[in-house]
Amino acid sequence: MSDGAYSYSLTTFSPSGKLLQIEHALEAVNHGNSSLGIKATNGVVLAAAKKLAPLVDETSIERISNITHNVGAVFSGLSPDFRVILKKARKNAEKYRLKFGEEPSAKVVATYIGSLMQEYTQAGGVRPMGCSVLVAGFDHKHHVGELYQIDPSGSFWSWKATAIGQDSLTTKAFLEKRFRADMEIDDAIHTAILTVKETYDGVLTENGIDIAIVGERQTGQGDSAKVTPIEFKRLSVEEIKAYMAENE
Amino acid sequence: MSDGAYSYSLTTFSPSGKLLQIEHALEAVNHGNSSLGIKATNGVVLAAAKKLAPLVDETSIERISNITHNVGAVFSGLSPDFRVILKKARKNAEKYRLKFGEEPSAKVVATYIGSLMQEYTQAGGVRPMGCSVLVAGFDHKHHVGELYQIDPSGSFWSWKATAIGQDSLTTKAFLEKRFRADMEIDDAIHTAILTVKETYDGVLTENGIDIAIVGERQTGQGDSAKVTPIEFKRLSVEEIKAYMAENE
Amino acid sequence: MSDGAYSYSLTTFSPSGKLLQIEHALEAVNHGNSSLGIKATNGVVLAAAKKLAPLVDETSIERISNITHNVGAVFSGLSPDFRVILKKARKNAEKYRLKFGEEPSAKVVATYIGSLMQEYTQAGGVRPMGCSVLVAGFDHKHHVGELYQIDPSGSFWSWKATAIGQDSLTTKAFLEKRFRADMEIDDAIHTAILTVKETYDGVLTENGIDIAIVGERQTGQGDSAKVTPIEFKRLSVEEIKAYMAENE
Amino acid sequence: MSDGAYSYSLTTFSPSGKLLQIEHALEAVNHGNSSLGIKATNGVVLAAAKKLAPLVDETSIERISNITHNVGAVFSGLSPDFRVILKKARKNAEKYRLKFGEEPSAKVVATYIGSLMQEYTQAGGVRPMGCSVLVAGFDHKHHVGELYQIDPSGSFWSWKATAIGQDSLTTKAFLEKRFRADMEIDDAIHTAILTVKETYDGVLTENGIDIAIVGERQTGQGDSAKVTPIEFKRLSVEEIKAYMAENE
Amino acid sequence: MSDGAYSYSLTTFSPSGKLLQIEHALEAVNHGNSSLGIKATNGVVLAAAKKLAPLVDETSIERISNITHNVGAVFSGLSPDFRVILKKARKNAEKYRLKFGEEPSAKVVATYIGSLMQEYTQAGGVRPMGCSVLVAGFDHKHHVGELYQIDPSGSFWSWKATAIGQDSLTTKAFLEKRFRADMEIDDAIHTAILTVKETYDGVLTENGIDIAIVGERQTGQGDSAKVTPIEFKRLSVEEIKAYMAENE
Amino acid sequence: MSDGAYSYSLTTFSPSGKLLQIEHALEAVNHGNSSLGIKATNGVVLAAAKKLAPLVDETSIERISNITHNVGAVFSGLSPDFRVILKKARKNAEKYRLKFGEEPSAKVVATYIGSLMQEYTQAGGVRPMGCSVLVAGFDHKHHVGELYQIDPSGSFWSWKATAIGQDSLTTKAFLEKRFRADMEIDDAIHTAILTVKETYDGVLTENGIDIAIVGERQTGQGDSAKVTPIEFKRLSVEEIKAYMAENE
Amino acid sequence: MSDGAYSYSLTTFSPSGKLLQIEHALEAVNHGNSSLGIKATNGVVLAAAKKLAPLVDETSIERISNITHNVGAVFSGLSPDFRVILKKARKNAEKYRLKFGEEPSAKVVATYIGSLMQEYTQAGGVRPMGCSVLVAGFDHKHHVGELYQIDPSGSFWSWKATAIGQDSLTTKAFLEKRFRADMEIDDAIHTAILTVKETYDGVLTENGIDIAIVGERQTGQGDSAKVTPIEFKRLSVEEIKAYMAENE
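These protein sequence lines map, in sequence, to chains A, B, C, D, E, F and G.
Counted from 1, the first sequence has number 331 at position 129 by our numbering; the numbering is strictly sequential.
Counted from 1, the second sequence has number 210 at position 8 by our numbering; the numbering is strictly sequential.
Counted from 1, the third sequence has number 253 at position 51 by our numbering; the numbering is strictly sequential.
Counted from 1, the fourth sequence has number 263 at position 61 by our numbering; the numbering is strictly sequential.
Counted from 1, the fifth sequence has number 299 at position 97 by our numbering; the numbering is strictly sequential.
Counted from 1, the sixth sequence has number 311 at position 109 by our numbering; the numbering is strictly sequential.
Counted from 1, the seventh sequence has number 217 at position 15 by our numbering; the numbering is strictly sequential.
Keep in mind that the hints were calculated from the coordinates and are not lab data.
Hints should not be assumed to be uniformly reliable.
[As the list claims (entries may be wrong)] Mimicking PhoX-like on lysine-lysine, the simulated pairs with C-alpha atoms at most 25 Å apart in a straight line are:
1) F/K379 <-> G/K252
2) D/K309 <-> E/K374
3) F/K379 <-> G/K253
4) C/K428 <-> C/K343
5) B/K435 <-> A/K374
6) F/K252 <-> E/K374
7) G/K253 <-> G/K428
8) G/K290 <-> F/K362
9) G/K290 <-> A/K289
[What the hints assert, rightly or not] Restraint-style ranges between C-beta atoms, simulated for each label pair:
10) A/S262 <-> G/A447: 32 to 38 Å
11) B/P256 <-> A/D403: 22 to 28 Å
12) D/F302 <-> C/R382: 33 to 39 Å
13) C/R382 <-> D/E296: 43 to 49 Å
[To be verified] If we take Cβ atoms under 10 Å as the criterion, some of the chain A residues that face chain B in the derived model are:
14) K290
15) N294
16) Y298
17) E305
18) S307
19) M319
20) A325
21) F358
22) F381
Just so it is clear, the structure is predicted and the values come from calculations on it, not from any experiment.
Heads up, the beta-carbon is just placed ideally off N, CA and C, and yes, glycines get one too.
Work out the full structure, taking the sequences as your base and the hints as a guide.
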């Protein structure tokens, strides 16, 4: 295949029924920094490796972002494309609030991102988005976490735990071995750190990883037990350092 | 043929009178998870195989969806494209209700989807949809089931029983041997399970199949006999498990 | 010629003055199920072969459709394209009624379809329609039948009898031998059945053919003779069966 | 030149200064049924060969059409393209009447058609028209006929007599020998019939030719002489038959 | 270079800095019938060769046209393109009159045509105009003629005398030898006829040339001398015949 | 590289980071007639070579044009493109006057032209402008000249003296040797004439060069010294002749 | 790869998941004049090399520009593209002021530029921007500098110190060795000058470098210490000269 030929292609079917531009966009995802998500019994954990160049201001790199107060997202692939998705998903969440008078769930957000991604595979003259996204939220009615993966094709799946980006096959295999259905948020954070460490290029420090959680917290026990929601929040460098210290 | 050449083609005729992009889209369908539909005397059954990756949240995979309270649909091929169809078909059903004051029949829905699919084969700059769809409903006036298949070309057919997606030739041959015109819904569900099992990759459990029905239920006998509609509903994992137990 | 090259072509002239996409669309017509029309003294008969796959609901296949109460149409080629034509032709007939206060004749309908087909050969970015159409009506003022053929180019002709689709050359030759100018509707139906049988793939049953008529009926004789219009109607399977029984 | 390459070309200049799509469109004209026009002292005659397939309804083939009551047109090439021109020319004539309160002359009509044809050679995304047109009218002020030829390029010429379509070189040469400036309409009709016969494929009958005239008729002589306009009219099959009988 | 490749090109730069479509359009000009213009002391003469096919109505061929009462134009190249320019230039002159309350000069007209031509070399999807144009007028304030040439690129020049179209190099060389700055209109007409004759294909008669003038006429002498404008007019065949007789 | 391939290219990046259409447009500039500009202490001089064909009306060739009363411009390359720029720059200057109540400076004009040129390198479907432009003005507040060069890319620079078009390398080298920062307008005109002569094809006469100036004039001395602005003006042929006579 | 093939490509994915047009645009950046930014404790320094051609007016070259009073930017690559970004970023800053009643921070500006750049990589028919940009500001609440780099892909990073353009690898390595977190603005200016000198082509003078700063100034000490903001300002040639003198 000549170098120039693919460069002006739209997303159309190949004879084998594949949408080539989507296959190529997935390559962009597979070269992106790795990200993962883990459902715990009382919440969901997102984590992402950060690549640290000399002189870069590492505190400024935010791989994980919130879409609403209760829903967060991480990506692997092209960051400028993710920012477009983030902006549109936030606007859409605002519309949802105005229309339904409540916060959109992680599923609503993931469905929206999936539709958005699909449009970019069928509309004339545009290329697909060059990133995959993990969306995490918590259903406070049924007390269960929500974790979705959306691909450049617009496909999305619900996972107990999953990984995207560089080395995602290795990372997923690692997660399969480590995952337990009864993990609480704290265990899941430890698992996330160990998983990122597994494929991290160099020595992983608290500056090399971004972690965020969403879920709920139980205080008291028995009759006086009370459940309080944890809004989506990114851990501070200090908090991550503390977890890493415990891990050792 | 060079790899790059087809990737920017619109849907136009080849010298042999074929619309190549549609042929290629059918390839996408043929690589999709298999789905089937069976008309019973008192209803229609849709069934679809679910592929279970480790750590995937299998309860979240819904292969079969409802378009109205009385009409359901299953697909093989690209799920993001099916979601677009689903969304538009639901909006169209709403318009139909407003305009005619009654629910659209499965035929109305299938005709709409067929027109939609056709548009994507002729309009400038877009590719065809990458999925085939089965639409099921029940005509409560004439007490007969309705089962339609719509292809990426926009063609549609009415079937007594049919299958789409992976191994559809094998599946159809199996159905031809098993199908009896006097089956009731329960028999049809058993047939559906056996048919999916035939080509399922691995051991089929209640989590590996999605089943839905629509039809009517007769209660009482003779003079006190009464017929009640069954709205379209997906079977729960427990219900599927029960049917599978009976099968053995 | 490379496989990919033609797939993004618009309808433009080849050096020999041909519009290639139209030639290719005619190939699609020539691979379609065969259809025919025969003018009788008191009406017009349309007939079309139906391909019967196992488990297909043969009663649901309608190859012949009405455009107005008095004008019908049959096609060979891509059914989704024909449905687009049907929809637009019906809308146009409605407009005609509103504007002129009378039903459009078959000629008006055929002219409209011809213009529509032509547009698809010259407008930017679209491909030609992939079907030929026969339109039948009856002129109750002059007591003569109307039978038109429209091709993907938009060309149309008036015929005494003609055939389109698979084996149309054989079928036309057969019609040339059988056609008599003084046939009445009943004779024309018999001729239509015999003609379809000639090239039918397998044994032709009443389910394998679609027949429709339009015309007028004379009742009484001499002074009390009265002529009543026959609106366009598709024969029932029973009626077709009866005609086939007489044929033997 | 590869088969596929030209099929998506717009009308642009070749290195030799030619507009290729127009050259190719002229090929379509040269393969069309032949048409001719002859100016007589008191009118203009248009004639066109009709190709008669078995079972075709020859009375329905109208090769010559009127644009206004006083202006007629015949074409060689693609009939669907001619119908588009006809429709637009009629609409334009209507506009002309509304604006100027009088009928457009043949020159006005031919100029309009020329501009229309030119547009199709320069606008983006469309192909040129695939037919040449002869336009005939009569100037009742100066008592002279008007005969124009318009080509796919939009070029037009005024002729004493000319021919377009198949064998136009032979036909023109024949006309050059036969044409006399003092012919009246009747002589011109005879000449037209003989000219068409010259290149007709098979035996020319009254059904194989379409003839139309426009002009004026002188009644009485000397002081009581009166000139009455002849509106554009197509000769009936009987009238043509009569002329052919005289010819023999 | 392959035959098909250039046919869908827009007007863009070649590596040598040339706009190829314009070079090709100039080829169309160079194959067109030859035209010329000559400035006299009291006016400007335009002349153009007419190609006479047998049976063509030579009186109807008007190579030279007026844009306003005082400005005329002749072209070499594609006549349909020139007609488009003519129409637009006339509309523009009308606008000019409404806006400024006076007739546009030849320079205003030529500038407009130049801008128009330029647009066709830069706008998306269109090809350049396929003709060069000479525009002639007379400045009655300064008593000097105006003669402009505009090319498909939109370039324009002012000339004392010039020629475009077939054999323009020969014709220009001839003009260079013959031109005298003190020629009056009558001398310029004679020179024009001789120049056209030089490259005319066959024997030049009064029907084979189109001539038009614009300028002013001096009547009386000394104190009673009066200057009257000559509006742009085409010479009649009789006038041309008279000039040609004088020439011999 | 095939001849046809580049002709439909938009302005996009080559693998080496170059915008090819701009490189090609610069070739058009390098083949254009040469132009130059020189800053003097009390003004700026623009000069341009004129190519004189036989019979051309040399007085009509204006290579240098004014954009406002105080800002002038000269170009090398395609004159029709320059005219487009001129027209837009004048309109923009008018808008500026209305908005800010003062004349735009040469810098404002050059910035506008640069933005305009840039647009043509990035907008869809158009080619870059095929000319470079020198813009000259004078800042009467700071008593300094302004001289800008704008290229087809939209880049612009401020120069003390520079040249564009044919032989610009030679011309620039010549200017580097001749330029002195303390030259007054008269010296700069002499330098301009000598520089044009250096690469002029043939003998340079007063008709072969276009010269224009802008700046200020000091009258009186000491206390009675007064500075008057010189609006942008083109030198007459007589003035140029006088300067050339002094030069010898 | 053929020369012509890439020139009409849009920004789409290559099989390896790369957006080729962006890779090529980065080449344009890598050939551009080098620029750098350094965060000091009390401000941020931007610097850029200026290429000095003979006779160019070096005082007019402004490589560094302000976007608001408090935010500045420098670029490497195509200056006309940077000017487009500058214009849009300024307009956007104005909108921000109107909407939020305060100045946008450097981060707001960098985010806007990133979104703008991303659009040019996905919208139909346009090419990416051909420059990278450094944006500098100062956060007067937290007393920390802000330094962002935005690439043609729309990606952006926060740096302690960085370089773009020609020799950026060498320059960055130099910066890594020289950078100290406790440098004040004056030290950072010295470092910037030394860094530019390192790769400068020729002898670096005060005219060969553009320097600008933003930050804050502490006056007094202890209790009477007061901090005043330094708005973004470009150093004068004299100031640069002074710094260079100190350096030696």
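These are the hints, each one checked on the structure:
| no. | hint | in the structure |
| --- | --- | --- |
| 1 | F/K379 <-> G/K252 | holds (23 Å) |
| 2 | D/K309 <-> E/K374 | violated (35 Å) |
| 3 | F/K379 <-> G/K253 | holds (20 Å) |
| 4 | C/K428 <-> C/K343 | holds (14 Å) |
| 5 | B/K435 <-> A/K374 | violated (34 Å) |
| 6 | F/K252 <-> E/K374 | holds (20 Å) |
| 7 | G/K253 <-> G/K428 | violated (40 Å) |
| 8 | G/K290 <-> F/K362 | violated (31 Å) |
| 9 | G/K290 <-> A/K289 | holds (19 Å) |
| 10 | A/S262 <-> G/A447: 32 to 38 Å | holds (36 Å) |
| 11 | B/P256 <-> A/D403: 22 to 28 Å | holds (26 Å) |
| 12 | D/F302 <-> C/R382: 33 to 39 Å | violated (54 Å) |
| 13 | C/R382 <-> D/E296: 43 to 49 Å | holds (45 Å) |
| 14 | K290 | violated (16 Å) |
| 15 | N294 | violated (14 Å) |
| 16 | Y298 | violated (15 Å) |
| 17 | E305 | violated (20 Å) |
| 18 | S307 | violated (13 Å) |
| 19 | M319 | holds (7 Å) |
| 20 | A325 | holds (7 Å) |
| 21 | F358 | holds (8 Å) |
| 22 | F381 | holds (6 Å) |
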